[in-house]
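K.L.:
Need the complex rebuilt from these two chains, each delivered in its own frame; the hints are there to steer you.
Residue numbers (my numbering), protein chains in the order written: chain R, 287 to 1352; chain A, 7 to 371.
Fair warning: there could be bad hints in the mix.
To be verified - Which bits of chain A does chain R cover? Going by a derived footprint, with three or more residues having C-beta under 8 Å, they are:
(1) 70–80
(2) 169–178
(3) 284–292
(4) 333–342
To be verified - Some, not all, of what chain A presents toward chain R, calculated at C-beta under 10 Å:
(5) Glu92
(6) Pro97
(7) Arg101
(8) Thr123
(9) Tyr295
(10) Leu321
(11) Glu364
(12) Asp366
Said to hold, decoys possible - Using C-beta positions, here's what the derived DEER-type ranges look like:
(13) Ser560(R) / Gly313(A): 37 to 43 Å
(14) Asp308(A) / Asp833(R): 49 to 55 Å
(15) Ala367(A) / Met578(R): 31 to 37 Å
Keep in mind the hints are simulated off the structure, nothing from the lab. Being a predicted model, the structure only gives us computed values, none of them experimental. Every residue gets a Cβ at the ideal spot worked out from N, C-alpha and C, and that includes glycine.
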Amino acid sequence: MPLNKDLKKVMVIGSGPIVIGQAAEFDYAGTQACRALQEEGLEVVLINSNPATIMTDEAMADHIYIEPLTLETVKRIIEKEKPDSILSTLGGQTGLTLSMQLAKEGFLESHGVRLLGARPDTIDKAEARQMFKDTMLSIGEPCIPSKVVNDLESALAFADEIGYPVIIRPAFTLGGTGGGIANDVEEMKEIASNGLRMSPITQILVEKCISGWKEIEFEVIRDAKGNSITVCSMENVDPVGVHTGDSIVLAPAVTLANKEYQMLRTAAINIVQSLGVEGGCNVQFALHPESMEYAVIEVNPRVSRSSALASKATGYPIAKVATKIAIGYTLDEIKNAVTGTTYACFEPTIDYAVVKLPKWPFDKFVYAKRTLGTQMKATGEVMAIGTSFEQALMKAVRGAEISLDTLNMPRLKDKTDEEIFERVHECNDERLFVIFEALKRGMSVEKIHEITMIDEWFLNKLLHLVRFEEQMQKETLTQELYHEAKVLGYPDKAIERISGQKIPQHEHAVFKMVDTCAAEFAAQTPYFYSTYDEENEAEEFIEAKNDTKPTIIVFGSGPIRIGQGIEFDYASVHCVWSLKKAGYQVAIVNNNPETVSTDFDTADRLYFEPLTPEDVMNIIRVEKPYGVVVAFGGQTAIKLTKFLDEAGVRILGTQADSIDMAEDRERFDELLEDLKIKRPQGHTVFTLEEALGAAHDLGYPVLMRPSYVLGGQNMIIAHSDDDIREYMEIILSHNIENPVLIDKYFMGIEIEVDAICDGEDILIPGIMEHIERAGIHSGDSIAVYPAWNLSESLSQKIINHSKKLAVALKTKGLVNIQYVIYDNEVYVIEVNPRSSRTIPYISKVAGVPMVDLATRCMLGEKLKDMGYGTGLYRRPQYMCVKVPVFSFEKLIDVDVQLGPEMKSTGEVLGIGRTLDEALYKGLVAAGYKMKKDGGIFITVRDRDKNEIAEIAEKYAEMGFKIYATSGTAEILREAGMTVIEVPKIHENPEYNSMTLVESGDINYIISSSAKGRLPQKDSVKIRRKAVEHSIPCLTSLDTANALADSLMSKYSQENTELVELNDMKH
Amino acid sequence: MDREMYLVLENGEVFKGKSFGAEAGGADMGEVVFTTGMAGYLETLTDPSYCGQIVVQTFPLIGNYGLIPSDFESRKCYLKAYIVREWCQEPSNFRSEGAIDTFLKEQGVIGLYGLDTRRLTRVLRENGTMNGCIVAEEKEIPGAIERAKAYHVEGLVREATCPRNYVEGSDDAKYRVTILDLGMTDCFKRYLIERGAQVHVVNAYTKAEEILAQHPDGILLSNGPGSSEAEPEIVAEVKKLAESGVPIMGIDLGHLMLASAMGGGIIKLKHGHRGANQPVRYLPTDRVYISSQNHGYAVSMDALPQGAEVTFVNLNDGSCEGLLYKKLPALSVQFRPGNDEGMVDTGFLFDQFMKMMEVDANAAE
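Okay, chain A solo, but in the shape it has when bound (with noise of 0.2 Å):
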């Protein structure tokens, strides 16, 4: 029989499941999240923007299909601790290598099962995002209270960037673009590669002068943990790049960092966007598409930045979801574009970037 465990919230709430994963270490706290997604638990588990959070699967059977590692978002697992209702322990897929309990045991990340997960749901609804604390034993559970309080966040893009500059990507290709890694899920790579680009992956804290002195054709502000407001250094830098007229494509914290270079304001969400199935309304052309997220800030539509215009809303709660720069050769979006996560839709995004490049290009000539 696996251990009992108390996962203890800020407000007092405690829910008491079962230990899987890693032991828990004494000091595990995180702001506790949950996501709605049914599949994509293995995106889930390494997407760095989840950095110190402390996550909760809204559906109850998670890990069916293995460890996948090829899945993965990035070469790790940032999370504080993983909350699911049920972890499968024979999981079925041709592809599998195991069970996901031996992943967060390597990662040394802990997991807790057999818990109401949909009143926790429901009290992370109602109360927005809070902190929660993970102890062992029922005693420790109202200094946990405390403790859970008093938490405060920081230094997750410090945490969950690269920690040494990388190139992927063709020689040949057509255009070289840097990504500004703030914690970036690796489909982004990806996307970029395939439509022709070779890509210089970087430190979240690299000087925007270092960056443009490798002479890019665009700049990928990667999407990350938290928010730009936590990280004034990097948006100083932001600033520069965008200044410099290089293309730049924003999503998830890069398009906070970008929007809060050019001086817009950014709000907390009472309930991040966190799951599959976000709609989103395009106002181009008028055209819904569903959207992976995966955030709890948003830009704030009464204090929008200088020159940018709104692209995207969200269907739901009509929050900012994607600005164009009208006098950068900008973009930038709050949503996950392309492909992996559900978005066949909003993959053109890119493309809209690489023509960016194209036109930026032509008119060096």
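Isolated chain R (complex conformation) (with noise of 0.2 Å):
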């Protein structure tokens, strides 16, 4: 069938901030998705609170709504602009949800409205636990048995049907407490009884435990024709038991014999077929490592993380068919992208191995718990293609930027052999490295896997390079071990460092070709990976193009981490865009396959390749460019600028030295004193005495960080020496080679701003002011734009202190600079000469082009020739109020109070005609239930003390009733407020401050201390409570005073704006 003629306006839900478990995968696959719908001449309807998205850009859809994605508000956009269809699979869970609940509601229905990709039988035989099983057992596909209890015989009786082990989870018991692994019957007493007595309604589930099983991963499409393919199968390193986001995969799978894999891919296929999917759907299964005995874990009947994946892994664009088979295609009509000449009805096959491994955040949160299990924690990933699994594993690990480049931890070096031998046991992020240096340490493959349940393939692999390692030790490292190791993925670096001999001749790396076929067909994909082998296929490709216009190397920002999102995706997409509009050719290298960027037709040439200096150079080699830019991949890109300078390759826009100049602490000391510029005053330091004496004489509080840092890693403000020592311990415990900043902390009005210098003239679209004062990470405080009482002179100098900067600096291209405002004074906090984290949403409401003005002032362009004029922007008809979303549920342990170092994974914008309506969207769209009753919870530190009075008053005159901490409580009355007194933890067992929190009388906390971060102490632990019940916990006074001010508003969901984007710059 082709296109659906009835088809005119078809809605598209995005899938709303990155949180962990949904991250950029949906901004690529949301993408594709407008992109294919444009492609048939439909008008295209978005609605994302993501701003930072590429999807949500001006020309992806034809009206595009940065609005909360609520019921509400989808509701009454679909009744302003009428869509005829909605798209519910390319948004990731949270459009999933969306749409079914209103298909359930019968609205789709009334208003005319059809739903495509997933219909709601589809989707409830998918999700709902118990129609998901009977759908299965239907068409014989085995589940996972378990069963709900609610006493001990007849949980005996099911485990003894069932066999042993078996896993016991308590209902209504938060983060699986009472649960836990039974082998035999005398355990299952025990666990079964204690499980029954903690749940609060006596219940638990028995569940057969599979946890060791191998599991295997199917990427299944089918159309309304009954047409089915699988696109991919991908293997878990970790077996069962480890979230799949947190595990390694590998592509596709490899310990599966024919028999096995094709047992697998025909019940993957039943699967789709049974639930009726039209689109892609995620399959995964358990499959028992010694028999042929399987179980259906879940399947996703929606583009995923898990498609995104095996879409870049084999080159085929799930997220693009999918949506045209949404709209009506069959899989036969659609042309393979690839090739060009053959069908998407195909199997895509890879003559490549394919490994994915994640990015945890634990080194942003250090007293996380690092236990990996079935919640996912990882932020985002890394993808590297090598023709080994060595090859590949080494390129992921080096391309994670976690400080290493094989797979030796420095730190477990020191460990003794039965430290290592136990920490084999810990199911945590390290454990790759740990299980690495425990086979150098003779643990044998056998009891490595009895314990960890990795197959012993993988553990052979790692062998493998342990013994080649070894080999380089002892060998004099001719031409051919070192192509021996070149082969398996070793930097020319770690081979030296490894074999303490000088590498002999360099060895350059070639490019194959990423093409869907593994070379069966001609194909034109201009995608590649590097090997060591015999043939240079981009080589081959560049010269067939035999293109003159000049190349530009654009590199792209990695792993999304915390601090490093989906901002520097979208920076380095547009980049490429006005490069290829300017006439250039372009080349993107980038790692991360949740991502636009590395959509093979966004650049003119994609390489999937680690950003460190040796991969980078091999492309250079190729590439021949006339320049790169570095400008807009965060510190990924950033982090290269240095090595690409003394390389001698010219690189586009500012330059290293100014980057070094805005780094380096004396020579940027230097400028402000030249430009008469203040800054708080500051010292650099390398040890913890030096530290310790900084802190002195500049008298507490003091900011202290590692220079050279995005996001705020191991940023603190520091108010006494122990502090001073705790910090610095964390801080030296990782490799620096760049000293550790300490500056006198101003707790003032934060102020930034983003703008973009041709070298003479600025242009800045905007100031922004956040909400809460200094202190707290910018990306985590709430920022307003434009800003809303700057006095007027305080507004000009910031624009004069800003074009004095980025004219100093030689900027050409983008800068973002930090203010503080204490006293009316303007001090300089940091100038970042690159793209910056706020880019996409101020390019967006502000109608600027940021990205494409900066890359034609990189080629030497300038603003006043480009229509936007110099100077300050004319200020937006909207207010915008950027809001963080933050993962805490997903993330054991971490203190939720917010500070100087950045903890928030994503963020929406609310944009109103006011500050306050703006703001109030901008809380409905992070998930704020906006309760206007009930009860707050105050406990703060002393130091907020004195102003705790009066945002407490608010809330007493909204009606919530007070509780507080003795010390909060006794300022509270003073003031005059009722207040009910609640003890604290250890003061009573039976009612205190935790218990309240608990039982659900209380509808926000507003909780800060002195200290925060360990996870014994009490503040810390009542926040985390606070999270575990979904409790908004304000830990800034200001943000606690703007939710007070949001409330008293008189905005709801009713009766809010809805800001159609394109509309909104006319």
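P.N.:
Okay, structure coming up:
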């Protein structure tokens, strides 16, 4: 069937802010979907609360709403836009759930809107536990046997029936407390009784324990005619028990014999047929490692993280094909974009190995529980392609930006054998490296397999690397041995370090094409990966194209992590587009499979490679670029600047020297002195002693941070010598090449400026003001644009400062400057001559294509010729409020108190005519339920006590019942409020702050403490409890105040203005 | 360190690799073909359709799940040589009985690894299938090119067919199917037995009279190596079988044999179909199925056999993938219908074959 002619206007629901488990992959999917729809001439209405996405770009849809993804708002937009259909399967779980609710309420039907992609019954069959089981049962596909029981006898009987071991999961206990694995009747008796006791409704789920089974995934695509194909199989290195998002994954599956492979492939297709999916579907299986027994773990009838991976791993554009299917096409009608001659109705076959490695946030959250289990904790991932598993794995590791270029983790070196062997039992983010170390220390593959259940195939590959490293140490590094090292994925530096020998003649990498068909057909995909081999297809490709346009390489931003999110992919992609428009050939380098930048049709050529010096030089050698761009790929790309500069590569835009000047404390101080611009006084230190000395000199509080970081990694405010000691220890435990900066800390108003500079002039699309005073990382602050209470003179001063700084730094391109205003004086905090987190949303709401202008500045154009003027850009008609979104519920033991270290994973935007309206929408979009009654529990540190009364008053006025701990209560009572005093946790086991939070009487918490972080602290425990119960916990008085104002405002989800982005600028 | 070896193609291209499996014997010559299947190397190694060929695996990691004799598609390895990028020395699978190296040694099949298999595949793609020769010394290369050019393959079916006739399946089975073994993969036997047949496997050169004398309910013309045009003697017998009115199903080479017998033309494909991901369109329902294939020839769309209509076409190159004979109880497909190599989808063709036998039996009553 070709395109369904009844469709004219399709609504696409995006996935909202980036949170753990739902990241950039849905921007990639949504963007492909919007493009696919537009290709067909359909009118597209898009709603997504995430302003950092490419899909919310003006060109991506006809009507774009950056509005809260709530049922109410989506309904209002449907009423306003009257789409005839809605695409449910491209916006992650958020999009799917909203579509389902709309369908089930009958809203879609009553408004004449068709649901495309998945029918409600399909979704139900896949997602509702019992229906799923029944469906699987009806087609003879095995599920994991489980049963809900209410007493010990039934539990024992069922366990007997399914066989041990079994997992016991008590109902309604958070974090699975009271559950466990029972290996026999005795253990079962104990754990099950305990679980029943712990469960408030005396109920447990008894489930067959399949942890340790192989975890295998299939990506299946089915069309309305029933044609089904599997795009890719994937095998998790970490067996069942670790969330697939936290597993190292290899594509394709390798340890399955063809019989097993076909058995699961057949099952996957049968399942997708029985669910009637029309589009992409992910099917996860557990396969017993020593029999043909398997069970279906999960089915996702939509585009997912795995499908993004499968898509990038094979070159098959799953999201695009799924979209075309949703609007009526069948697989045999869709061309294979890779070959251009074959059809989408085929199964890709690959001739390389693909490894995915998760990126975890534990470097930021040092007190977080690192254990991996069924709750995903990774914020992002890297993918690597190689001709062997070893090569791909090594590439993934060095591309993950975890300060490693091999599997040797220096930190493990000093541990005793016993410690290492013991740690093999721990399933956490470092397990891969611990296993490698254990193999080095002589632990056997069999033993490690027994402990971890990781398939011996993988362990033997690791052992192969161990043996090879031993060989390098023992033997002369001949050209042949060196070649072998390159094939296994070792960078030159690592080879020299491990072998203790100079490398013979350096061998250049060659590039192979990713073509979906293992070279069976001639392909024109400009998608390459490196290896060490005979033939260089990238070179051939470039030659054959014989394009005389000069080439520019854009370096991407690597894995999504806290502090470096999707915004940098947005900027990289826009830079590519601008360069193409300006008449260049563009090559992009990136290693994040979740992104738009790694779609092979974004740039002229895509190199799926780690962003390390040696890797990028291989590309530069083949591409022979006119210049390279580092300014848009976040810290990942910026880190390459010095190396590239020294290698004589032309860097477009702001030069290495300027970047260094902005980062190097002494040079920066000199510059400020020259420009007569103030900054908080500070010192540069390397040791604990120096740090203490500096702090005493400046006087507490002081702000400490390592230089050259993004996202405020390891940045803290120290109030005492103890703080300095604790934090220096953490910072020094990482390999520091750069000094630690200690500055006087001012608790003033924070201002942020993003500007474009051509070396002479500057264009400031806007000045942002943070709701929270300085001390909270800009990424975690609620930011208001345009600044709302900045005096004319201060505003002018900021404009002048910004221009002076940008010009003095010889900026060509973007520059981000942060100021603090304290006692009516402007101080510079930092200057970053590169793209920043706020670029996408400022570009969208101000209507200034910032990346495009910046790119043109890099190429030598002048701002005054671009039509957007210079100086401060005209004030928009709307106020915009960016609200951060966190993933605290996924990260156990992380203190939610905000500080100078960034903790948020994503953001949403509220747009309104007034600050109140914008703030209200921003908060709703961020997930605040905006309850206007109930209880509020307040417990604040001494420093906050003189301001708390005024804020508490507002809540009291609205009728909130005020609860507080003794110190806070006293202050509030003095201010004339009625307060219910709550004992501290240790004061009364029956009734205390913890039981209060658990009671359900509390709708908000205001909690701050002098020192947080340590999970054992009462304040941290309370805040964690709040997370578990989804109670908004405000740790800054400024946020609490803003929330109060918003609650008191007249806004509701029914009366806010629905702002259409493309109308807004006109 | 393994010994170095060279693959020399008839166009003069040379690929240096290392030796595994059996030692080179000197006359190691064959048609070089590539297969794109990622899993299923055991089936590839034991597929008689590869008889006499040098097979290149495009997937670089081969042998991962070791050696599982119960998954073999025939009793031995018919390959001339086996070329992989990397073979797995420590395979992992609960059913594995060893590494593929051992098997190749046992079978006397040369292995070559550590070469740029993608480059080789691209050369084969651009030039079409070529002859190749494997030599151990650099100095042998010039002679090898000449030998490869001069090489002409023959007698493949004779080598791949079963030496002796045999019977499998229950005596109580509802149907008796004779399989003309042209170099059969074992799975087809299994599919028939599963569907209630007893199979009588006979040598490819068995006379039609002999087969018909046993009154089979159906005849399966199996898959096998090469083209039907290389075996006119068999084609002549197949013609008699077809004219007998006994229901016939042809697969792969069997499909070509039947087509030749019924006057159809055969073409050599520039790019043979080898792998588990070939899309074929089933014209009666317009559905597309993913099929496993291994052949270098096809029935010409311009010279279809008498009374045959096309049932399947290859979605990629439009070539003929299946025929239904209107005047005969006969159907045939170029691909490998069934389940084991990933075609859960096309197992129904066996059901159609069984149905033909049923109709035939009913008519006889």
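K.L.:
Given proline 97(A) as an interface hint, is its Cβ closer than 10 Å to any Cβ of chain R?
P.N.:
The hint holds - proline 97(A) has a Cβ within 10 Å of chain R, the shortest such distance being about 7 Å.
K.L.:
Hold the hint about glutamate 364(A) up to the distance rule: shortest CB distance to chain R must be less than 10 Å.
P.N.:
26 Å, violated
K.L.:
Do three or more residues from the segment 333–342 of chain A put their C-beta atoms closer than 8 Å to C-beta atoms of chain R?
P.N.:
violated (count 0)
K.L.:
For the hint 37 to 43 Å, verify it against the beta carbon of serine 560(R) and that of glycine 313(A).
P.N.:
For glycine 313(A) against serine 560(R), whose Cβ atoms are near 39 Å apart, the range 37 to 43 Å holds.
K.L.:
Against chain R, run the beta carbon of tyrosine 295(A) and see if the smallest gap drops under 10 Å.
P.N.:
8 Å, holds
K.L.:
Regarding the hint that aspartate 366(A) lies at the interface with chain R, is the smallest CB-CB distance below 10 Å?
P.N.:
30 Å, violated
K.L.:
Tell me if the interface restraint on leucine 321(A) is satisfied: Cβ within less than 10 Å of some Cβ in chain R.
P.N.:
For leucine 321(A), the interface hint holds, since the closest Cβ of chain R sits about 5 Å away, which is under 10 Å.
K.L.:
Does the closest beta carbon of chain R sit nearer than 10 Å to the beta carbon of glutamate 92(A)?
P.N.:
Interface hint status for glutamate 92(A): holds (6 Å vs cutoff 10 Å).
K.L.:
Go check the segment 169–178 of chain A versus chain R for me, would you? Three or more residues, Cβ under 8 Å, otherwise it fails.
P.N.:
Since 0 is below three, the answer is violated.
K.L.:
Taking 49 to 55 Å as the stated bounds, is the beta-carbon spacing between aspartate 308(A) and aspartate 833(R) within them?
P.N.:
40 Å, violated
K.L.:
If you look at each residue in the segment 70–80 of chain A, do at least three have a Cβ nearer than 8 Å to any Cβ of chain R?
P.N.:
The restraint on the segment 70–80 of chain A holds, since 4 of its residues have a Cβ under 8 Å from chain R and three suffice.
K.L.:
Has the segment 284–292 of chain A got at least three residues whose CB is nearer than 8 Å to a CB belonging to chain R?
P.N.:
holds (count 4)
Consistency with the previously given hints fails for numbers 2, 4, 11, 12 and 14, ordered from lowest to highest.
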